[in-house]
Amino acid sequence: MKKITLLALGFCLGLGANGENLKLRYEQPAKTWMNQALPVGNGYMGAMIYGGVQKDEIQISEESIWSGGPGSSKGYDFGNRKESWKKLPEVRQLLADGKIQEAAVMAEKYFTGYTNPAVDSGEFGDYGSQNPFGSLFISPVVEDTLYLNYERTLDIRNSLATASYNRTGINFNQEYFASYPARLIVARYTNDSKSGLDYRVDFETPHKNLKTSRKGNSLVINGKHASNGLVIDGEILFKTDGKLLQDKEGFLIKGAKNIEAYVSVATDYKNEYPKYRGGDYKATNKKAIQKGKASSFDALKKEHIADYQSLFNRMTFDLGSSASSALPTNERLYRYSQGAYDPEFETLYFQYGRYLLISSSRPGTMPSHLQGKWNDSMTPPWACDYHMNINLQMIYWPAEMANLSECHEPLLQYIDALRAPGRVTAKEYFNARGWSVHTMNNAYGFTAPGWSFNWGYAPNGAAWLCDHLWKHFAFTQDQSYLKDFAYPIMKEVGEFWLDYLWEDKDGTLVSSPSYSPEHGLIAIGSTIDQEIAYDLFTNLLEAGNYLPGEKTFLDSIASARDRLSPLKIGKFGQLQEWKEDLDNPANSHRHVSHLYALYPGKQVSPQLTPKLANAAKRSLVYRGEEGTGWSLGWKINFWARLLDGNQSYKMIRNLLSPALGKGVRFSGAGSYENLFCAHPPFQIDGNLGAVSGIAEMLLQSQHGFLDILPALPAAWPTGSITGLKAVGNYTVDLKWKDGLIREVAIESPAKGECTLLYKGKRLQVVFDAPGKKVIPAEMLFAAF
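Under our numbering, the first residue of the sequence shown is numbered 11, with each subsequent residue one higher.
Please note that a few of the clues may not be correct.
Straight-line Cα separation of at most 27 Å, DSS-like style, residue types lysine-lysine; simulated pairs [what the hints assert, rightly or not]:
#1 501 with 561
#2 292 with 311
#3 225 with 292
#4 267 with 253
#5 221 with 109
#6 97 with 119
#7 612 with 660
#8 225 with 267
#9 578 with 515
#10 267 with 312
#11 437 with 515
#12 285 with 253
#13 96 with 109
#14 285 with 258
#15 253 with 65
#16 745 with 761
#17 285 with 234
#18 225 with 285
#19 501 with 280
#20 297 with 249
#21 285 with 301
#22 119 with 92
#23 33 with 312
#24 65 with 96
#25 311 with 234
#26 218 with 258
#27 782 with 747
#28 296 with 311
#29 612 with 581
#30 761 with 493
#31 218 with 234
#32 249 with 264
#33 204 with 253
#34 65 with 41
#35 221 with 258
#36 285 with 221
#37 109 with 92
#38 501 with 612
#39 493 with 561
#40 312 with 234
Honestly, the hints are just simulated from the structure, not real lab data.
Modelling step: build the complete structure from the supplied sequences, incorporating the hints.
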C-alpha cells in the first residue's frame with residue numbers, strides 16, 4: 011500500500027462551471043396533481059403548483075394535519091393487544107414443530123394490532139391518515155381563454171416555481187416558493203397591463219368543520235378536525251396594488267398589476283406521547299404572518315434562496331451537456347425512456363431528489379412521509395404514513411452522503427419520540443425490555459404491528475431505524491450526539507433484541523415468530539431479521555469504542571451476535587431469504603429484503619465476503635430488473651454495492667420511464683411527468699433511493715476506506731461530482747475522464763489518515779492538518 015502525505019496545495023479540481031441545467035420545464039399548465047403539478051415545500055408545509063391560466067390552483071398540505079389518534083374514537087389505545095406475549099411460547103413451539111398454518115392462525119389473532127372505527131378517519135379507522143389543508147385559487151377575470159408562449163418551471167437550483175404566458179396581449183408572470191426561515195408559502199402574480207386587471211380569490215378545503223372568513227387583507231381558515239378535534243388554523247395574507255373587495259366566497263381584487271399571497275398553517279399537534287396535543291398554533295401563525303406583513307416579496311425570496319442554497323449548493327454533479335436539455339421535461343422523459351442519451355437529465359434527477367429532501371425535511375419539522383409533505387387526499391394511499399419496513403428508511407438513505415445531514419434530523423428526533431409508545435408495544439407483545447415499532451406508524455404513536463400479520467408484523471423496525479442513528483454519527487463523528495442521544499436509544503433496542511431472540515433447535519439465536527416483508531409465510535429466523543440484528547449489534551459494538559463504561563452490556567451484545575443464525579447460501583447459489591432453503595428462482599417479487607446485509611447494511615460485500623456477495627448477486631438476478639418504484643430504487647443501491655455500475659445504471663433508466671396509467675395502484679412503476687416516482691401511485695422513496703444509489707456508484711465508505719468510483723457505468727465515461735460525504739466526516743470531490751479517475755480532493759475534519767481504494771489498489775493518505783487537499787492526476791497514476 012502506497013502512502014502520500016498531503017500538505018495544503020495551492021490548486022483545486024477546477025470544477026467551477028458545470029453542465030447542470032437544473033430546471034423542470036413544461037409548455038402547458040398542470041392538469042393533474044400527481045402527474046403534472048410541481049412541488050414546493052419548507053419542511054412544515056408542501057404546496058403543489060399548477061401554474062394555471064384561467065384559474066390557478068396552489069394545493070396546500072401541512073405536516074401535522076392528521077385524522078385518527080387520541081379523540082377519534084372512545085378506545086384509541088395505540089393498537090396494542092394486551093398481554094399477547096403470553097401466547098408467544100405457543101406460537102414459537104408450533105413453528106418449531108413445523109405446524110406453520112396453526113402458527114399463522116395464532117399469530118394473526120395475537121400478534122397483530124388493530125384499529126377502531128372512527129368518524130371521518132377513512133379506511134384506517136382511528137389509525138387515521140395525513141390530510142391536506144386545502145387549495146387557494148387565483149383567477150384573472152379575462153374573457154379570452156386563448157394564451158401564447160406558455161412556460162412553467164421548477165428551478166431546483168433556487169427552489170422557485172414559475173409560470174408565464176401572454177393573454178390578450180398582456181404578459182402574465184407567476185412565482186411561487188416555500189420559505190423555511192419565514193415558515194410561509196409565498197406566491198406573486200403580476201401582469202403588464204396598462205391599468206391593472208381584476209382577479210378572483212377563493213379557498214376550498216375538504217374539511218367540513220373548517221370555516222373561511224375574512225379579516226382585513228387576509229382569509230382566515232380555522233376550526234377542528236371532524237375526526238379527532240385537532241385544531242387547524244390557517245391565514246392567507248394578501249398584498250396588492252389593486253383594490254381588495256370582499257366577495258361571497260373570498261376576495262375580488264380590482265385593477266391589480268401585482269398580487270402577493272402569504273400562507274401560514276399550523277395545528278395544536280405536538281409529538282408527545284400520549285396526548286399529542288399542545289402545539290402553539292396561534293403563536294406560529296402570528297409570527298409567520300407578521301413576517302409576511304413586514305417583509306417585501308423580494309426580501310423573503312432572497313432570504314429563502316440563501317437559506318435553501320446553503321444546503322443545496324454543497325454538491326455539484328456534471329456528466330456533460332445534452333442536446334435535449336432545452337426540451338420540455340415530459341418530452342425528455344419520453345425520449346429518455348426510448349433510449350435517448352441525456353446525461354443532464356440524469357444529473358437533474360439526482361439533484362431533484364436532493365431538492366425534495368430539503369423541501370420536505372428540515373430541523374424542527376416532522377419527518378418526510380410516503381409522499382414527502384405533499385398530499386391532496388383525505389384518504390391517501392397507505393395513509394401517507396411512516397412505513398418502517400423499507401420506505402421511511404429509504405427516504406433518508408441519501409441524507410448523509412448527499413451532504414444534507416441537517417435534513418436527517420427530523421427522522422432522528424422522530425425515532426426518539428417513538429420510544430415511549432414503543433416500550434408499551436415491546437412489553438405487550440414480547441414481555442421484553444426496550445422498545446419496538448412495526449411496519450406502519452402514524453403521527454400518534456401507533457407502534458403496534460399492523461392489523462394483518464402478512465404485512466404488518468415487523469419486529470425489526472426499531473433496529474432498522476437505529477441504522478440511521480448510527481450512520482449520522484459515522485458520517486459526522488459527533489461524539490456528544492452519540493453519547494447523549496443516539497446510544498441510549500440504540501441500547502434500548504439492543505435490550506429488546508436480547509430479550510426477543512429465541513434459541514432454535516440448532517443452538518443459534520433467531521427471530522421468532524419472523525416474517526420476510528410481504529413475502530412468504532410466517533417463519534423462524536427470516537434472513538432480514540437476522541441481518542438487522544447483526545447490524546444493530548455491530549453498530550452498538552462500534553459505539554462501545556467511544557463509551558468504555560458499557561463493557562458488561564456490550565459483552566452480552568457480542569455474545570448474542572456470535573450466536574445469531576448465520577447467512578446461508580441455497581441450492582440455487584442464492585442468498586437464502588429464509589433459514590430454510592425455500593427460494594424459488596422463478597419468483598420476481600418486488601421485495602428483495604434478504605439483501606439488507608448488502609445495502610443498507612455492511613455485513614456482505616465483494617471485498618470482504620465474496621462468496622456471500624456472489625450469492626446476493628444470484629438472488630438479485632433471479633428477482634429480475636423490474637419492480638415498483640422503491641424496489642427499483644433499492645436495486646440501484648444493491649448493484650452499486652456489488653460493484654456493477656452498468657446494472658445500477660440500467661435500474662436508473664427503468665426508474666426514469668414514464669409511469670403507466672393514472673395512478674392506479676400497481677399499474678406501472680416509473681416516473682410521472684413531474685419526475686415524482688411512481689410506486690405507483692406516487693411515493694417519494696423511489697426518488698430518494700435513486701439519489702443514494704447514484705452516490706454509492708461514485709463513492710463508498712462503509713468499510714473504513716474510501717472506495718473511489720466503485721461502480722462507474724460505461725454510460726458515464728467523463729464527469730465530476732463535488733461535495734460527496736463519506737464515513738469519517740470526509741468531503742470528497744471527484745473528476746474522471748475516459749472511465750479513469752483524474753483528480754480527487756478530500757476535505758478532512760482533523761489531522762490523521764484515510765485509505766483510498768481504486769480498482770483494488772489502496773493508497774494511504776496522511777493529513778498533517780485539517781483542511782481540503784488535492785491528489786492530482788500524476789500522483790494518482792503513480793499510486794494506482
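| query | Does residue 258 lie within 27 Å of residue 221 when you go C-alpha to C-alpha? | reply | Roughly 13 Å separates the two Cα atoms, so the pair holds.
What's the verdict on residue 253 and residue 65, does the C-alpha distance respect the 27 Å limit or exceed it?
20 Å, holds
Agreement of residue 761 and residue 493 with the hint, judged by alpha carbon distance not exceeding 27 Å: Holds. Residue 761 to residue 493 sits at ~23 Å (cutoff 27 Å).
What's the verdict on residue 501 and residue 561, does the C-alpha distance respect the 27 Å limit or exceed it?
Measuring from Cα to Cα gives roughly 12 Å; hence the hint holds.
Check your understanding: When you check the alpha-carbon spacing of residue 612 and residue 660, does it fall within 27 Å?
Key -> 23 Å, holds
*residue 204 and residue 253: Cα distance at most 27 Å?*
The hint holds at about 16 Å.
Restraint check for residue 221 with residue 109, where alpha carbons must lie at most 27 Å apart:
57 Å, violated
**Message:** Holds or violated: residue 249 and residue 264, Cα atoms, limit 27 Å.
**Reply:** 13 Å, holds
- Message: Please verify whether residue 218 and residue 258 have alpha carbons no more than 27 Å apart.
- Response: 18 Å, holds
Straight-line Cα separation of residue 612 and residue 581 no greater than 27 Å?
-> Given that 27 Å is the threshold and the Cα spacing comes to 24 Å, the pair holds.
Keeping to a limit of 27 Å between CA atoms, is the pair of residue 578 and residue 515 held or broken? 17 Å, holds
Q) residue 493 and residue 561: Cα distance at most 27 Å? A) 14 Å, holds
When the structure is compared with the earlier hints, violations turn up for hints 5, 12, 14, 18, 21, 24, 25 and 40 and for no others.
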